[in-house]
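All chains should be modelled from the sequences, with the hints used to inform the complete structure.
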Amino acid sequence: MPKGEYLAEFEMFVMLAILSLGDGAYGVSIRREIEGRAGRPTSIGAVYATLGRLEEKKMVEFRASDPEPVQGGRSRKLVSLTATGRAALEHSTAMLRSMMRGTPLAQEG
Amino acid sequence: MASPPRIARLLLKLAVEDRFSGEVMASLDQEFEELVATGGERWARRWYRRQVLHSLGPLVRWRLTRRSASWRKAVMSVMRSTPGLDGRYAMRNLFGAPSFTLVVVLTFAFGIGANTAVFSLVHSLILEPLPFPGGDRVVQLWRYEPNTQGARSVVPPARPMVAAWQEAGDIFDEIGGYTEEELHLSTAEDVEMVMGARISPGILSMVSARPLVGRLFGLLEGIPGYGNTVILSEETWVGRFGSDPGVVGRTVLVDGAAHTIVGVLPGSVRAQLEAGFFGRRPKEVLLPLPSDPVGGWSGRPYIVARLRPGVTAAAAQSRLDEIQTRVAPLIEGHSVWFPLVRSARDATSPTLRRGLWVVLGAVTLVLLVACANIAMLLLVRRVGREAEMRVRLALGAGRTRLAGEMLAESLLVGCAGVLMAILAARWMLTGAAWIAGTALPEIRSARLNPEALGFAVALGLVTVLAFSLIPILHLGRLTPAGAASREWPRPDGHPVGWRAHRSLVVAQVALATVLVLVAGLLSRSLGKLLAVDPGFQTAGLAAVGLDLSGAGYEGGVERIAFFEEVVRGLEGRPGIEAVGWARFVPPRVAGAIGSVHVEGLLPAEDTQPEPHAGNWVAPSYFTAVGTRFVAGRPFTSAEISDRAQVVILNRTGARRLWPDGRGGVGSRIQLVSDYGPAPWMTVVGIVPDVKAWWLGDDPNRMQVYLPVSDVPPRSGVILVRGVEDLGEVKTLVQHEVRRLDSGLPVGESYWVRDAFRQTVARQRFQALLLSSFGVIGLLLAVLGVYGVLSLSVTRRSREIGVRLALGATRGDVSRAVLVQGARAVAVGTSIGLALSYLAHGFLADLLWGIEALDPASYLVSLASIGLAGMAATWVSTRRAMGIDPVDALKRE
Chain L
2 MPKGEYLAEF EMFVMLAILS LGDGAYGVSI RREIEGRAGR PTSIGAVYAT LGRLEEKKMV
62 EFRASDPEPV QGGRSRKLVS LTATGRAALE HSTAMLRSMM RGTPLAQEG
Chain W
473 MASPPRIARL LLKLAVEDRF SGEVMASLDQ EFEELVATGG ERWARRWYRR QVLHSLGPLV
533 RWRLTRRSAS WRKAVMSVMR STPGLDGRYA MRNLFGAPSF TLVVVLTFAF GIGANTAVFS
593 LVHSLILEPL PFPGGDRVVQ LWRYEPNTQG ARSVVPPARP MVAAWQEAGD IFDEIGGYTE
653 EELHLSTAED VEMVMGARIS PGILSMVSAR PLVGRLFGLL EGIPGYGNTV ILSEETWVGR
713 FGSDPGVVGR TVLVDGAAHT IVGVLPGSVR AQLEAGFFGR RPKEVLLPLP SDPVGGWSGR
773 PYIVARLRPG VTAAAAQSRL DEIQTRVAPL IEGHSVWFPL VRSARDATSP TLRRGLWVVL
833 GAVTLVLLVA CANIAMLLLV RRVGREAEMR VRLALGAGRT RLAGEMLAES LLVGCAGVLM
893 AILAARWMLT GAAWIAGTAL PEIRSARLNP EALGFAVALG LVTVLAFSLI PILHLGRLTP
953 AGAASREWPR PDGHPVGWRA HRSLVVAQVA LATVLVLVAG LLSRSLGKLL AVDPGFQTAG
1013 LAAVGLDLSG AGYEGGVERI AFFEEVVRGL EGRPGIEAVG WARFVPPRVA GAIGSVHVEG
1073 LLPAEDTQPE PHAGNWVAPS YFTAVGTRFV AGRPFTSAEI SDRAQVVILN RTGARRLWPD
1133 GRGGVGSRIQ LVSDYGPAPW MTVVGIVPDV KAWWLGDDPN RMQVYLPVSD VPPRSGVILV
1193 RGVEDLGEVK TLVQHEVRRL DSGLPVGESY WVRDAFRQTV ARQRFQALLL SSFGVIGLLL
1253 AVLGVYGVLS LSVTRRSREI GVRLALGATR GDVSRAVLVQ GARAVAVGTS IGLALSYLAH
1313 GFLADLLWGI EALDPASYLV SLASIGLAGM AATWVSTRRA MGIDPVDALK RE
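If you read the protein sequences in the order shown, they are chains L and W. With the numbering used here applied, the first sequence covers 2 to 110. With the numbering used here applied, the second sequence covers 473 to 1364.
Derived by calculation from the structure, the hints in this document are not laboratory data. This structure is a prediction, so every number in the text was calculated from the model and none was measured. Incorrect hints may appear among the rest.
Unchecked claim - For lysine to any residue, the following SDA-like pairs were computed, each having C-alpha atoms within a straight-line distance of at most 20 Å:
1. L:K78 with W:S499
2. W:K485 with L:R75
3. L:K58 with L:R75
4. L:K78 with W:K485
5. L:K78 with W:E503
6. L:K78 with W:E489
7. L:K78 with L:Y27
8. W:K485 with W:T510
9. W:K485 with W:H526
10. L:K78 with W:D501
11. L:K59 with W:E489
12. L:K58 with L:S81
13. L:K59 with L:Y7
14. L:K78 with W:A498
15. W:K1000 with W:H526
16. L:K59 with L:L90
17. L:K59 with W:F492
18. L:K58 with L:A84
19. L:K58 with W:E489
20. W:K485 with L:Y27
Stated by the list, open to error - Over 10 Å on every C-beta distance to chain W, these chain L residues come out as not near it, computed from the model:
21. I45
22. G53
23. P68
Where is the CB? At the ideal position from N, CA and C, for every residue including glycine.
This is the structure in structure tokens:
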């Protein structure tokens, strides 16, 4: 993997949130997922800035959802991981796990 | 419906990339609405703001670091271009010397900011035409009579004059009249005293007024018997009638009579009227001014007119003079009157205008002092960077390139300075409004206008360019030759640049001297005014207005009995030391123009009618204000009930009528005004002089006190002494009044001492403003003296070290520096003195009680300049004395 393609912590959070949300991942749901799981206050701007950066690195892709089933309902920009993104996420988490192995933190996890 | 915070939303929209914008804004809005529903609007707005605050950083960072950002390339290319590089280099230089940059920017901000603020005042109060179409053609029409001192007594024109002017169709295309008065406005809940005006329809068409609701007055409205109608101001409509559009057609009681509301006047129109000519106190209700069947209006209104296009004020004046020869015989009384045309803009506040010009002059001096400081800082910096410039020249840098860099530096400082200046100007205007208080409402109406902003930018640009020129011109003389050599003093023993520095310091000291002198004069004049004894005990004396008009008290005896009953009710109250009543109380007494005849004496040939102060007082008045009679006694209750023809004079008046002292109490006098002669009256008392109209009132004024029974007043003031809280005084009076008549409100309540202070509000405003300019000017000049001497000492440290090593004493060294500083201060002060002498004639009008060449003010101001200058010199001298010869030579 070329230099610069490692994931920053928040990028990892966002990608993990996308993964766990599956088909329903979009800006607000990602923000809520991170807040709910990590307990870390997250701003919508930070999520979109990260999504934009990940998209540039070809790690996520956007597609428009069907409009919401109400009058005047809008369609959302749904987001999903690309193959590159998935690989990068697996790589980063694997690195994290191997770094943790043998440390006191490993037992706690 | 609740909406997200506007500014936060806008910021987010600007920061977020276009393709995400819709999504981000919509989802945030949706979450906001959910939060409003669950946690309330306040909480939701706070959440929204936090979201935006925490979003801005990541979003902006991302946009700045994007690989594909095309604007980034553009910026980089600009940054790499020559001007870009100049700018970057300049920026680096400025940030490298933060204290220099800060001082320059702040000096700039202050100098230009103060100028912008004062220019705003001058512009909105003097230069700008009245804020409606044809406002520059609006004039006020008066009549005047030259008095013995050559000054003019100006009063509203008499009815026949106005009628004749209305007939002459070739001068004015609109003419209108108005009077102002306090009125009782009764709504369903309450009765209140409100400020009102009676106006002719012409007044409203002059400002092209359109009603907010209903209609305005028509031509028939002023004809007596047409029916009572009233127009509400927007504020009254909103405040008292809840903006009810159905208010038109409803009936309200104004001064006890039923009036039909016909419309609502927009607040903006009222502001326009007040900016021009409509008196100072906001009017809440407008009534039609009764017109006279033979032309003009009754009630002696103020007259305002709009000149026909192409007719100048001077042309109108000569036409009115012409008409006057025809009209003069129709005017009652014996006086000779002349018509007077004044541009409404000029008439607003002639004394304030003069004062503002002086303030503008002073603030220009402040700017000049500030400019001298900036120039000096730049010069100092230039000297410091000379070696660098020489090296760069030697290495082949072009002079244009170096000049470009300097220009970029100045422009950057200038831009920052102008931005700060605009902020500073806004604060200063707020400050000025605060200083002016309620006494000078014109000042409060001044706003930072586009013209003033343009003025600030232009001034900033000129200043910057002027300063860039000095070092740039110097660059032309710079040679790379000296690059390697250290600098030596010039043959005259002064370091390089000393001459330029010294001239700047001298100029600063001179300008500061003028500023401090003007400030000193105005402050002393104000001090003299404030120290004036109003002639009676104003401390602790409260006044409460009471108006019986329209309340059904038609008989004079009945009205007097009402006031007396209120006073009697208050007398027994605990805490009240004295209570009384009168038609007026100084500084708000009536003025009448006329002459006084003494029985048995022929009026002197040269006796001219002149303004004298008049008041109608109850016997209790003199007790309440604490008058000590010079001779005679107060009026008695019997004199009031018998309507006796008695009068009380002030000491000066008595002395003027009987210079030989053979007369006074017991003599009979007659007042003659342009209404004709009044009955003969017996003088029963002589009282000390009081200041009738303002603290600086003419001490030679005749003051006449008549019993309230002479003309039983419809309105008057209740005077209460001894109660410390003004609100309590009002409540006490209100209680007594309501006891007698539950539907009657009391009017304005105020401390008499405050009313006197308000009469010198303009003087206070000018003195405060100029004193602050004086202090700033002095500070800047002191900084200048200190800066230049310090520089000189630093640059001569080697020389001083050598001298000390060769046996010179520290005394010799310090004497040299002291002399250097003292000479600059002395020369500057002398030039400043000469300048002040040249300008002193302009100040004379603004001063009270002192001459424009008042020795005491001059001495104090000169002493403060001299002391401050010498203090700055002394600090620099101590530095010189502290130089260690070994250290100084080691550095060599």
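Okay, the hints, checked on the actual structure:
| no. | hint | in the structure |
| --- | --- | --- |
| 1 | L:K78 with W:S499 | 11 Å, holds |
| 2 | W:K485 with L:R75 | 19 Å, holds |
| 3 | L:K58 with L:R75 | 28 Å, violated |
| 4 | L:K78 with W:K485 | 17 Å, holds |
| 5 | L:K78 with W:E503 | 16 Å, holds |
| 6 | L:K78 with W:E489 | 14 Å, holds |
| 7 | L:K78 with L:Y27 | 6 Å, holds |
| 8 | W:K485 with W:T510 | 25 Å, violated |
| 9 | W:K485 with W:H526 | 14 Å, holds |
| 10 | L:K78 with W:D501 | 16 Å, holds |
| 11 | L:K59 with W:E489 | 18 Å, holds |
| 12 | L:K58 with L:S81 | 14 Å, holds |
| 13 | L:K59 with L:Y7 | 13 Å, holds |
| 14 | L:K78 with W:A498 | 12 Å, holds |
| 15 | W:K1000 with W:H526 | 59 Å, violated |
| 16 | L:K59 with L:L90 | 13 Å, holds |
| 17 | L:K59 with W:F492 | 17 Å, holds |
| 18 | L:K58 with L:A84 | 12 Å, holds |
| 19 | L:K58 with W:E489 | 17 Å, holds |
| 20 | W:K485 with L:Y27 | 19 Å, holds |
| 21 | I45 | 6 Å, violated |
| 22 | G53 | 6 Å, violated |
| 23 | P68 | 12 Å, holds |
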